[in-house]
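Colleague: Top to bottom, those sequences are chains A and B.
Mind the numbering: the first sequence is residues 1 to 159 in this note's numbering, read in order.
Mind the numbering: the second sequence is residues 1 to 819 in this note's numbering, read in order.
It cannot be assumed that every hint is accurate.
[Said to hold, decoys possible] Negatives, chain B to chain A, calculated, CB over 12 Å:
#1 Arg126
#2 Asn634
#3 Ile709
#4 Ala748
[As the list claims (entries may be wrong)] Taking CB as the label site, the calculated pair distances span:
#5 A:Gly49 <-> B:Leu69: 30 to 36 Å
#6 B:Gly813 <-> A:Gln72: 53 to 59 Å
#7 A:Asn59 <-> B:Pro238: 53 to 59 Å
#8 B:Gly73 <-> A:Glu13: 58 to 64 Å
Bear in mind the hints are in silico, worked out from the structure with no lab data behind them.
Backbone N, C-alpha and C fix where the C-beta goes; we use that ideal spot for every residue, glycine too.
As a plain string of letters, each chain reads:
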Amino acid sequence: MAAPAASHGVSVEVNGEQVELEVPARRLLVHFLRDDLGLTGTHVGCDTGNCGACTVHLNGEPVKSCMLLAVQADGARIATVEGLAADGELTPLQRSFNEHHALQCGYCTPGMLMSATALLERIPRPSEEEVRLALQGNICRCTGYVNIVEAVVAAGGAA
Amino acid sequence: MTTVTEQPARTLEKGYVGQSIPRKEDKRLVQGLGTFFDDVRRHGMGYVHFVRSPYAHAKIVSIDVSRALELDGVYGTITGDEVAISTDPFFEMSVEPGGNIKDYALAVGRVRHMGEPVAAVCAATRELARDAAELVEVSYDPLPVLVEAEESLKDEVVLHDDAGSNVVWSGVFEWGDVDQALAEADHVIRIERLHFNRFSSTPLECAGALVEYDRGTGEWTLHCNHQMPGVGAIWMAPSLRVGIDKLRFVTQDIGGAFGNKICLHPQYVVLCLLARKLGRPVQWTEWRTDQHTANAHGNERTFLDVEVAVKADGEMTGFKVRALDDCGAFPRYEPLGCIIWAQVTPGMYGWRNIRVDFTQVCTNKSPVSPNRGYSRMQHLWLTERIVDIVAAELGLDPVEVRKKNYVKAEQMPYETPNGCVYDSGDYAAALDLVLDLIDHGSIEERRQEAASRGKLLGFGIGSTLDSGTNNFGQSTLLNPDLQFSGNNEAASVKLDIFGEVVVTLGTVPQGQGHETTAAQVVADILGCSPDQVNVRRGHDTWFNSHAGFSGTYASQFAFTGLGAVKGAAELLREEMVQLAAAVLQAPVEAIELSDGMARIKDGPEEAALPFMALGAIVNANNAFLPPDFNPTLNHRYVCRPYFGMVDTEKKTGQLTLTYATQIHAAVVEVDPDTGEVEIVDYAAVDDCGVRINPQIVEGQVHGATAHAIGAALSEEFVYDEEGTLLTSNFYDYHVPHAMDMPPLKTGAMESPSPVAPLGAKGMGEGGGGGIHCICAAIQDALATVGKPIVATSCNPPHRVWAMLRDPESSRAGVAVVSK
Numbered sequence: 001m002a003a004p005a006a007s008h009g010v011s012v013e014v015n016g017e018q019v020e021l022e023v024p025a026r027r028l029l030v031h032f033l034r035d036d037l038g039l040t041g042t043h044v045g046c047d048t049g050n051c052g053a054c055t056v057h058l059n060g061e062p063v064k065s066c067m068l069l070a071v072q073a074d075g076a077r078i079a080t081v082e083g084l085a086a087d088g089e090l091t092p093l094q095r096s097f098n099e100h101h102a103l104q105c106g107y108c109t110p111g112m113l114m115s116a117t118a119l120l121e122r123i124p125r126p127s128e129e130e131v132r133l134a135l136q137g138n139i140c141r142c143t144g145y146v147n148i149v150e151a152v153v154a155a156g157g158a159a
Numbered sequence: 001m002t003t004v005t006e007q008p009a010r011t012l013e014k015g016y017v018g019q020s021i022p023r024k025e026d027k028r029l030v031q032g033l034g035t036f037f038d039d040v041r042r043h044g045m046g047y048v049h050f051v052r053s054p055y056a057h058a059k060i061v062s063i064d065v066s067r068a069l070e071l072d073g074v075y076g077t078i079t080g081d082e083v084a085i086s087t088d089p090f091f092e093m094s095v096e097p098g099g100n101i102k103d104y105a106l107a108v109g110r111v112r113h114m115g116e117p118v119a120a121v122c123a124a125t126r127e128l129a130r131d132a133a134e135l136v137e138v139s140y141d142p143l144p145v146l147v148e149a150e151e152s153l154k155d156e157v158v159l160h161d162d163a164g165s166n167v168v169w170s171g172v173f174e175w176g177d178v179d180q181a182l183a184e185a186d187h188v189i190r191i192e193r194l195h196f197n198r199f200s201s202t203p204l205e206c207a208g209a210l211v212e213y214d215r216g217t218g219e220w221t222l223h224c225n226h227q228m229p230g231v232g233a234i235w236m237a238p239s240l241r242v243g244i245d246k247l248r249f250v251t252q253d254i255g256g257a258f259g260n261k262i263c264l265h266p267q268y269v270v271l272c273l274l275a276r277k278l279g280r281p282v283q284w285t286e287w288r289t290d291q292h293t294a295n296a297h298g299n300e301r302t303f304l305d306v307e308v309a310v311k312a313d314g315e316m317t318g319f320k321v322r323a324l325d326d327c328g329a330f331p332r333y334e335p336l337g338c339i340i341w342a343q344v345t346p347g348m349y350g351w352r353n354i355r356v357d358f359t360q361v362c363t364n365k366s367p368v369s370p371n372r373g374y375s376r377m378q379h380l381w382l383t384e385r386i387v388d389i390v391a392a393e394l395g396l397d398p399v400e401v402r403k404k405n406y407v408k409a410e411q412m413p414y415e416t417p418n419g420c421v422y423d424s425g426d427y428a429a430a431l432d433l434v435l436d437l438i439d440h441g442s443i444e445e446r447r448q449e450a451a452s453r454g455k456l457l458g459f460g461i462g463s464t465l466d467s468g469t470n471n472f473g474q475s476t477l478l479n480p481d482l483q484f485s486g487n488n489e490a491a492s493v494k495l496d497i498f499g500e501v502v503v504t505l506g507t508v509p510q511g512q513g514h515e516t517t518a519a520q521v522v523a524d525i526l527g528c529s530p531d532q533v534n535v536r537r538g539h540d541t542w543f544n545s546h547a548g549f550s551g552t553y554a555s556q557f558a559f560t561g562l563g564a565v566k567g568a569a570e571l572l573r574e575e576m577v578q579l580a581a582a583v584l585q586a587p588v589e590a591i592e593l594s595d596g597m598a599r600i601k602d603g604p605e606e607a608a609l610p611f612m613a614l615g616a617i618v619n620a621n622n623a624f625l626p627p628d629f630n631p632t633l634n635h636r637y638v639c640r641p642y643f644g645m646v647d648t649e650k651k652t653g654q655l656t657l658t659y660a661t662q663i664h665a666a667v668v669e670v671d672p673d674t675g676e677v678e679i680v681d682y683a684a685v686d687d688c689g690v691r692i693n694p695q696i697v698e699g700q701v702h703g704a705t706a707h708a709i710g711a712a713l714s715e716e717f718v719y720d721e722e723g724t725l726l727t728s729n730f731y732d733y734h735v736p737h738a739m740d741m742p743p744l745k746t747g748a749m750e751s752p753s754p755v756a757p758l759g760a761k762g763m764g765e766g767g768g769g770g771i772h773c774i775c776a777a778i779q780d781a782l783a784t785v786g787k788p789i790v791a792t793s794c795n796p797p798h799r800v801w802a803m804l805r806d807p808e809s810s811r812a813g814v815a816v817v818s819k
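Use the sequences and the hints to build the structure in full.
Modeller: Have a look at this one:
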């Protein structure tokens with residue numbers, strides 16, 4: 001039996017730009033984004049898929065990019081935190097995070113923003129309960145979530 | 001220019017200080033444009049993976065790296081034998097026996113905890129490094145394992161042959177006369193055993209560094225997330241047999257630390273050796289499972305044979321206890337935890353007679369490191385447990401017993417039995433505020449309503465102090481030969497050519513918002529907007545902005561960090577005023593700085609110089625300045641607080657300078673069928689003196705509360721009898737997520753510190769108030785079902801369920817002897 005291919009071509013759209021690269025078959029999507037594309041805003045906080053710091057959008061849905069191989073994203077449309085303020089203009093959610101002091105160290109923030117952005121696309125004016133439910137896959141060790149939840153609820157109200 | 005003085009206490013008039021201005025750091029962080037150490041890349045860099053011990057205790061028979069080296073793309077390896085040849089063991093802070101322990105960067109000859117690094121591999125990719133690490137063959141000969149401190153004490157198995165005992169340090173602290181207090185007491189309450197469980201704050205960003213070695217100069221640059229580089233370098237340089245000038249620490253954004261990034265010197269030394277050996281930059285990013293297994297746990301502490309003296313009216317006059325601290329396999333930052341608790345010896349209470357017989361031992365578990373609330377939190381948990389157990393056993397009201405025994409506002413500043421000075425605060429008023437927030441008057445009504453739903457409702461208080469600004473002289477109470485005392489922090493402030501105000505900090509922030517609060521202070525002093533003040537991100541030893549104790553730890557930025565910023569900004573201001581006076585031909589008293597301009601007070605509008613003009617004159621257009629006037633517009637200041645000396649005989653002294661107050665209160669509902677605890681109401685009041693930025697202060701309260709809730713209900717490093725960690729990642733080690741956190745009500749008071757440069761007290765650590773109030777609330781909830789005693793700090797459902805099923809066994813160790 002022939003050995004499986006050690007690398008594969010991957011073609012993805014990332015933040016509106018088409019990218020084609022040959023990547024090791026085993027490379028995680030998060031390391032593809034960070035190490036191969038230099039999009040270091042997406043973070044790694046655990047090795048078990050619990051923390052959500054690596055959350056990106058795959059075809060519009062929030063996913064944990066440490067739980068996918070880069071090759072699994074072949075043909076997909078990916079959005080990362082760097083794509084939110086596309087023209088340097090912060091989104092209402094990003095501004096709300098600043099106004100409500102919803103971040104301290106900022107390490108979980110990209111994942112929080114991607115999960116919350118997906119929520120706001122689905123439910124434009126979420127309740128506090130809906131926000132907490134949507135963010136339960138994202139761990140923050142600094143804020144106790146209080147201001148994060150407030151920021152997302154406020155951004156929904158402002159939308 | 002460097003100035004070192006003792007600072008008089010002085011507060012600024014309110015300007016930007018005191019306002020919740022949104023943070024300067026956020027703009028980059030919300031766009032994913034922060035720079036964390038793992039974001040730094042260098043051409044040709046290699047990735048490092050550690051080979052770790054699967055055993056908690058074993059002899060290393062052999063290590064064979066040949067198969068790893070054969071793999072394409074592997075750059076090299078390093079083992080403990082090489083480390084033993086090319087480095088010296090890290091210095092130990094303890095006297096004998098702990099002082100004789102030999103701690104190297106990699107295991108040498110023996111492993112002492114699961115996950116201990118025994119070798120490291122460097123390769124072209126992360127994946128390859130990991131694969132190659134699996135090809136390193138290590139042969140072990142397992143040894144008997146110690147996982148309980150009380151077992152370690154027997155010395156039947158000894159971890160460190162060089163020490164000859166598992167005891168790191170032991171000593172008796174005695175202030176007042178506790179035996180007399182017990183003899184004169186109307187009630188003596190005895191508690192046989194209380195146990196503070198092992199957990200840590202587990203910052204979301206794991207540890208790591210990218211290390212470059214310059215062969216020409218012999219200097220290393222560490223792009224890293226060490227939170228206390230000043231002390232890190234003191235450990236590393238002698239071990240590497242170089243001067244401290246050969247180590248450059250650079251930090252940028254750091255993804256949380258909470259004390260857990262203080263003891264990174266062993267791994268960093270391995271990286272330094274590999275970078276030198278392989279002639280290329282090397283990078284290591286710790287995996288989460290490795291972080292949990294083998295980096296930084298909080299101190300685990302058992303309190304034995306507690307005896308408390310209580311008068312008939314509920315006044316508590318003293319207590320004694322044997323404290324047994326478990327520091328894991330290596331002391332590292334220890335035995336400092338054996339003294340740090342003494343900063344808050346009587347907690348918030350008026351106890352004058354205290355004896356603590358303190359012993360620290362090694363076990364075959366992960367080494368500990370400072371963890372938010374370091375060592376004081378464990379001790380405050382003891383004082384709060386004592387108060388609530390005394391109240392429950394004597395039928396006293398936990399609110400009244402606290403008010404009766406709290407140090408009173410009119411006693412401030414209050415000297416504790418061991419010579420610490422509580423600088424300001426009104427504990428009873430803070431308690432009243434928290435009781436209002438939680439609507440304490442309705443508790444009995446809510447208890448009945450919960451009972452109608454089959455739930456047991458309980459109410460608890462946790463009252464704590466966050467002692468800030470360490471006196472490192474306290475280390476001499478453990479080891480009189482140590483050459484540490486006092487504290488210091490540095491900052492520099494300059495005015496650049498186009499009028500830019502640039503600040504560098506020696507502190508190493510990890511989310512505390514130092515760029516913002518430093519800018520607020522500088523803006524008020526120089527008369528400009530915080531937007532005009534560029535506070536450089538992170539720490540860089542090449543910028544000369546650091547001092548020997550630089551770092552962010554021990555709740556001290558508000559004192560030493562901002563004190564240094566204030567001092568440097570005032571020096572700059574003085575020069576700017578002199579310069580403006582010279583240019584505008586006016587006396588210095590007539591010059592004011594405001595709105596980014598230097599102008600003559602009440603003078604004509606055109607008699608004004610923008611900061612840009614001042615910066616340009618000195619830096620680029622200075623020929624007309626008189627020869628005897630040489631402004632630099634670039635000032636460094638070292639804030640060195642005054643402590644006085646500690647008395648090593650009596651074990652007294654000013655161990656720390658400021659005491660922020662926290663009072664937390666929780667209402668919980670316990671499900672009697674499952675032991676599950678739900679927090680249904682929660683309030684926290686913090687008094688940290690002047691709040692530079694109230695929103696940031698409140699954020700710290702929220703965060704400390706979340707840590708405490710996790711520690712009280714789910715977060716515990718659990719080991720089996722073979723020393724295997726059973727909670728080695730976020731799957732098994734449950735940290736609170738958004739659904740777990742109750743709504744938090746917060747309140748604030750401001751009792752300015754009379755000793756701090758800005759009247760502001762450090763407050764970031766909190767005192768673990770959430771742990772204490774939840775333990776108290778669970779005990780209160782269970783009072784009607786056999787009245788068990790909460791004897792552990794972490795109470796997940798199985799422990800609560802055990803108390804419900806068998807309350808008697810928890811009560812077996814509690815006795816009341818009344819006259």
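Colleague: Work down the list of hints and note, for each, if the structure agrees.
Modeller: Right, here's what the structure says about each hint:
For arginine 126 of chain B, the shortest C-beta to C-beta distance to chain A comes to about 7 Å, within the 12 Å cut-off, and the non-interface label is violated. Interface exclusion of asparagine 634 of chain B from chain A stands, the closest Cβ pair being 30 Å apart, more than 12 Å. Under the 12 Å C-beta cut-off, the non-interface status given to isoleucine 709 of chain B relative to chain A is violated; the minimum distance is some 8 Å. Against the 12 Å criterion, alanine 748 of chain B stays outside the reach of chain A, whose nearest CB is about 15 Å from its own CB.
Between glycine 49 of chain A and leucine 69 of chain B, the C-beta spacing of about 33 Å keeps the proposed range 30 to 36 Å intact. About 56 Å separates the C-beta atoms of glycine 813 of chain B and glutamine 72 of chain A, a value consistent with the hinted range of 53 to 59 Å. Range check, asparagine 59 of chain A to proline 238 of chain B: about 55 Å between beta-carbon atoms, so the 53 to 59 Å window is met. The hinted window of 58 to 64 Å between glycine 73 of chain B and glutamate 13 of chain A is violated, with their beta carbons roughly 30 Å apart.
In summary, the structure is inconsistent with hints 1, 3 and 8 from the numbered list given earlier, while agreeing with the others.
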